[in-house]
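Number of protein chains: 2
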Amino acid sequence: MSKPIEFFFDFSSPYGYLAACRAAHIEQSTNRSVEFRPYLMGAVFKTTGRKPLNNHPLVWDYARNDISRSARRLNISFSLPDPFPVVTASACRAFYWTRSREGEDAARALAMRLLHAYFADGRNISKTDVVAEITGGDPDTVTTALNDESLKNDLRRLTDEAASRGIFGSPFFLVDGEAFWGNDRVDDVIRWANGAW
Amino acid sequence: MSKPIEFFFDFSSPYGYLAACRAAHIEQSTNRSVEFRPYLMGAVFKTTGRKPLNNHPLVWDYARNDISRSARRLNISFSLPDPFPVVTASACRAFYWTRSREGEDAARALAMRLLHAYFADGRNISKTDVVAEITGGDPDTVTTALNDESLKNDLRRLTDEAASRGIFGSPFFLVDGEAFWGNDRVDDVIRWANGAW
Numbered sequence: 483m484s485k486p487i488e489f490f491f492d493f494s495s496p497y498g499y500l501a502a503c504r505a506a507h508i509e510q511s512t513n514r515s516v517e518f519r520p521y522l523m524g525a526v527f528k529t530t531g532r533k534p535l536n537n538h539p540l541v542w543d544y545a546r547n548d549i550s551r552s553a554r555r556l557n558i559s560f561s562l563p564d565p566f567p568v569v570t571a572s573a574c575r576a577f578y579w580t581r582s583r584e585g586e587d588a589a590r591a592l593a594m595r596l597l598h599a600y601f602a603d604g605r606n607i608s609k610t611d612v613v614a615e616i617t618g619g620d621p622d623t624v625t626t627a628l629n630d631e632s633l634k635n636d637l638r639r640l641t642d643e644a645a646s647r648g649i650f651g652s653p654f655f656l657v658d659g660e661a662f663w664g665n666d667r668v669d670d671v672i673r674w675a676n677g678a679w
Numbered sequence: 483m484s485k486p487i488e489f490f491f492d493f494s495s496p497y498g499y500l501a502a503c504r505a506a507h508i509e510q511s512t513n514r515s516v517e518f519r520p521y522l523m524g525a526v527f528k529t530t531g532r533k534p535l536n537n538h539p540l541v542w543d544y545a546r547n548d549i550s551r552s553a554r555r556l557n558i559s560f561s562l563p564d565p566f567p568v569v570t571a572s573a574c575r576a577f578y579w580t581r582s583r584e585g586e587d588a589a590r591a592l593a594m595r596l597l598h599a600y601f602a603d604g605r606n607i608s609k610t611d612v613v614a615e616i617t618g619g620d621p622d623t624v625t626t627a628l629n630d631e632s633l634k635n636d637l638r639r640l641t642d643e644a645a646s647r648g649i650f651g652s653p654f655f656l657v658d659g660e661a662f663w664g665n666d667r668v669d670d671v672i673r674w675a676n677g678a679w
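Chains as they are written, first to last, in the working numbering: chain A, 483 to 679; chain B, 483 to 679.
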């Protein structure tokens, strides 16, 4: 099996959610694994001057409709959450905490539970207690772990590294170093990984 | 044949160029005509606060590569022009002037010549004399026509109307009122026009 495909996303990104739901399809179509790498896109926005999707009424009217109809076409359960967007630091930390203790598969399963909780069930995953509950285990232990300074620093480092590697959006894929931005690039990711270009 | 698909674009937009090259494919796939509607996207940027693609180094590094590889995949001749982007008021006026005199087909053929001139041959289509030459006919007559006040006003009105109809990008398609933004939405335009959603 070739090198994994790196998949960067923000837990508050609807298009990132849609792409995450297609990760298994990408793996089946390419015979490569997809490695989930959640990061804090808002930190990179400060660098690029980009704004959240709902910053401009014209763009947001379009995007809101586009997200819903994209979800319908892909048969993915989606309902625009309120509040939107939210801060996803706790969700990200829970992911990397789980990854360090239980590995990629457990962290990815957690990522999918968090994304479904927010984008299908409307739960507010900016709240540490909600994240702790979805993570599972003893709530106090998880909450304490998510507030650990070294975990916070790890996430800052990872987000800085993403920016330095040219990653600025969600979803954002790296296939052997080649960058693909957007849920609408999933078919291109598959073509590129299969060398059919 | 059903209602035409409206196709809005800016003559300085690389993704608009790629989509224009696929208009015939859209028509063959949907049995609908595609009506070209060039407009001045920069005027709408003032409303939305959006910026040109090359405003942010991170985004532009990505987009420049994405445009070239998209063109390769679609077998479309493309070379990033210099200067980029350019003011496209003359090109737009030439389009609507030709349309009013010779109809949709002649205007569309001119649009394709202008887009190829800029994105394949690197000619500066911000210059009225270049636009006049590509438009054909007597250069003085064309140049005078392009500077006509009523034509300028028509273009302003059309660009204002685009913004009021929720159009803010290039390419931007309307299929029975449903909006699709981006060259990466061409397959969705076809699916929607065929009712397969």
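Since the hints were made in silico from the structure, they are not lab data. Given the structure is predicted, the values throughout are model-derived calculations rather than measurements. The beta carbon of each residue, even a glycine, is placed where N, CA and C say it ideally should be. There's no promise every hint is true.
[Unchecked claim] Label pairs and their in silico Cβ distance ranges:
(1) B:G531 with A:L556: 28 to 38 Å
(2) B:W679 with A:H507: 11 to 21 Å
(3) B:A678 with A:M594: 50 to 60 Å
(4) B:S559 with A:L556: 28 to 38 Å
(5) A:I558 with B:G618: 44 to 54 Å
[Said to hold, decoys possible] Computed cross-link-like contacts, BS3-like style, restricted to lysine-lysine with a CA-CA straight-line distance of at most 25 Å:
(6) B:K634 with B:K533
(7) B:K609 with B:K634
(8) A:K609 with A:K634
(9) B:K634 with A:K528
(10) A:K528 with A:K634
(11) B:K528 with B:K634
(12) B:K533 with A:K533
(13) A:K533 with B:K634
(14) A:K528 with B:K533
(15) A:K609 with A:K485
(16) A:K533 with A:K609
(17) B:K609 with B:K528
[To be verified] Simulated coverage check for chain A against chain B, where a stretch passes if three residues somewhere in it have a Cβ under 8 Å from a Cβ of chain B:
(18) 490-504
(19) 540-551
(20) 657-665
Outcome of the hint check:
| no. | hint | verdict |
| --- | --- | --- |
| 1 | B:G531 with A:L556: 28 to 38 Å | holds (30 Å) |
| 2 | B:W679 with A:H507: 11 to 21 Å | holds (19 Å) |
| 3 | B:A678 with A:M594: 50 to 60 Å | violated (28 Å) |
| 4 | B:S559 with A:L556: 28 to 38 Å | holds (33 Å) |
| 5 | A:I558 with B:G618: 44 to 54 Å | holds (50 Å) |
| 6 | B:K634 with B:K533 | holds (24 Å) |
| 7 | B:K609 with B:K634 | holds (16 Å) |
| 8 | A:K609 with A:K634 | holds (16 Å) |
| 9 | B:K634 with A:K528 | violated (38 Å) |
| 10 | A:K528 with A:K634 | holds (19 Å) |
| 11 | B:K528 with B:K634 | holds (19 Å) |
| 12 | B:K533 with A:K533 | holds (11 Å) |
| 13 | A:K533 with B:K634 | violated (33 Å) |
| 14 | A:K528 with B:K533 | holds (15 Å) |
| 15 | A:K609 with A:K485 | violated (35 Å) |
| 16 | A:K533 with A:K609 | holds (23 Å) |
| 17 | B:K609 with B:K528 | holds (23 Å) |
| 18 | 490-504 | violated (count 0) |
| 19 | 540-551 | holds (count 7) |
| 20 | 657-665 | holds (count 4) |
Violated hints for the displayed structure, listed by number in ascending order: 3, 9, 13, 15 and 18.
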